[in-house]
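Protein sequences appear in the order of chains H and P. Heads up: the first sequence runs through residues 1 to 365, numbered per my numbering. Heads up: the second sequence runs through residues 1001 to 1365, numbered per my numbering.
By construction, these hints were calculated from the structure, which means they are not laboratory data. Note that CB positions come from ideal geometry on N, CA and C, so glycine has one too. A few of these clues could be false.
Think about it this way: if two alpha-carbon atoms lie no more than 25 Å apart in a straight line, the pair counts; the simulated DSS-like pairs of lysine-lysine are [claimed, not checked]:
id	chain 1	residue 1	chain 2	residue 2
1	P	K1010	P	K1037
2	P	K1332	P	K1151
3	P	K1151	P	K1037
4	H	K265	P	K1247
5	H	K151	H	K169
6	P	K1169	P	K1151
7	H	K151	H	K37
8	H	K247	P	K1037
9	P	K1265	H	K265
10	H	K265	H	K151
11	H	K10	H	K37
12	P	K1239	H	K265
13	P	K1265	H	K239
Sample of chain H residues at the chain P side, in silico, Cβ under 10 Å [said to hold, decoys possible]:
id	residue
14	V13
15	W228
16	N255
17	L304
18	F307
19	R308
Each pair of labels, with its calculated beta carbon distance range [stated by the list, open to error]:
id	chain 1	residue 1	chain 2	residue 2	range
20	H	E168	P	G1160	18 to 28 Å
21	H	V281	P	V1281	29 to 39 Å
22	H	E236	P	I1205	27 to 37 Å
23	H	G277	P	P1280	50 to 60 Å
24	P	D1029	H	G277	23 to 33 Å
Number of protein chains: 2
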Amino acid sequence: MAVKDLYDTKGAVTGGGSPDWLRSHEAADDTAPAVQKLLDAGASMIGKTICDELFYSLQGDNHHYGTPANTLAPGRLPGGSSSGSAAAAAAGLCDFALGSDTGGSVRIPASFCGLYGLRPTHGRIELAGAMAMAPSFDTAGWFADDAELFKTVGSVLLDGASRTAPIEKLLIAEDAFALADEPVADRFLDILRRAGDVVSGSSMIDVSSGQFDLWRNAFRIIQAHEVWQTYGSWIEIAKPNFGPGIKDRMAMAANITSAELSEAKPIHDAARRHIEGLVPVGTVLCLPTAPCVAPPLDLAADALAEFRARTLSLTCLAGLSGLPQVSLPLAKFDSCPVGLSFIAWRGGDEALLDIAESMAPFREN
Amino acid sequence: MAVKDLYDTKGAVTGGGSPDWLRSHEAADDTAPAVQKLLDAGASMIGKTICDELFYSLQGDNHHYGTPANTLAPGRLPGGSSSGSAAAAAAGLCDFALGSDTGGSVRIPASFCGLYGLRPTHGRIELAGAMAMAPSFDTAGWFADDAELFKTVGSVLLDGASRTAPIEKLLIAEDAFALADEPVADRFLDILRRAGDVVSGSSMIDVSSGQFDLWRNAFRIIQAHEVWQTYGSWIEIAKPNFGPGIKDRMAMAANITSAELSEAKPIHDAARRHIEGLVPVGTVLCLPTAPCVAPPLDLAADALAEFRARTLSLTCLAGLSGLPQVSLPLAKFDSCPVGLSFIAWRGGDEALLDIAESMAPFREN
């Protein structure tokens, strides 16, 4: 396995994608429990992987360390922030890789690199010995190219309240598919039709009631506020030399006001209730993981901002609700991978791993 | 007893000193546990009392409802925010009165109205059914004119981890006394000398290491941030017509940034550790409750701001540390009451009530 450089491993300095963080911290005394569990279960670690600087990006590039190669979509971003873990697993350097997901950091690289990727139910996998980002949304997560191994990793990592149940109802988030590039959305809907026997009883729904922008913005504000509570003191003391995108986002994070935060919180609560209400035990929600295939490495800043907003509109659903989401590498478009996602009820992580297995035959080569 | 209009009493709308809050809320279904305990112990309630609007002032005036009369210092402020409770107890309308203290709202009116007043250890008295303000600092509290009854109320209200011990050491906070008007400070130091037999083994210390401004500002920022998290959503919807001082403070609260908050938190932590370290079990810290007697009702805005800053420098010690503080009505100056305070260790509330009793013979008439 490969391990995102957000998890402590005994004797190594955890770097979080930031050379200044690496320089100003000591080697870890202990290995993070999530990593240790995998080691105890027989995994061997090939190394720790590059990630976006302090995890604050979905792109997968790193101004200081370079951009991990997306071997399945050459010339394109790997997606982030768990970029190195996804790139390593996609290139076959390891069988599976540990990442983490706050705003999409497992799901997006899984989609762009053609891997299975899970963002677990918030709180189901212990994050002790892992660098925090925005604790209200932080989760672990992992990647694998093989659905069976992907599930086995889950049996080692998943803790806490599990609620498994057969899938009886599939909701297709029509407005989420509408956010995706049309040919990508069409491809997914076609796969869903072909997989009709696997997950039957589907219906189209409007998942956001037109509130994607509101939800995404509430997510952005709470995340930014928490990021600054996590890293602000260090930033003010260490004055790290941030790469361009993260520098702007950290400045934004420092300036979130009490008023913005208090406006965002009830929106967060309402979104969580709404999304939870959609997926009672036995119901899953299907949506595109990302709105498009991996953008090219040289995408312009304004196009990146637009990519980021569209993507966060999709990823904030699981973020705000704390529900588990799996991304399945079912399709390719223009020979670039793109992932199809399912969100389940709280504790329904195992049901998502079962979906990954049962949908595997529909994966395009 | 009288009860600050921050506590629910079954069938009445809790108003929090704000006519707009009163108008926009329903009658309480239950009586707050703190009030109920006192009723169950045999107290009868004469009514609920005016307080500063949403508790966000130390002055004790209320733009909408008027200013409760300070009968012991006519023409002067009663102190707030538990102004009505203190005024009622001082005027003999009740034997004791329930207040609450976030930034000094029991201690300051106790000082200005010539009453015993306790801010308990943070968390020792349940605040269910009480309007929140800034939960990191919110406590209950009460007033009485009689030291014995003052202690009896404590035996009914105080819950949770009590740690009683004889007082073996008295620290006199020299820099806190230096913040007070000189004749007031001299009067207190004289009382302490005369009371030498009651609390022996005293020594002068510098309590703040020159950090009063830093601590007060950290308190202000965290309080403001939490006040906005408590009331911001309502304020944005209800658009209440705030009185002049509170209007400015709420605007300030709305604009606290993530950066200000993250700078304030380590200062809060350091202050808490420092102050806790000064008062191990058996040691109490003596300081003036307020820097002066009650200001006149017509004090100019700039003088009020200066009064507020000097006062918060003293009151933030218990606020930041969460430690209990008692104010004793021992002195009068220019025939206006002024209180002497003792801060004890966490859970040492009962020891402070004992000090109140043993110091009662030194009260000036």
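List of violated hint numbers, smallest to largest
8, 10, 14, 17, 18, 19, 20, 21
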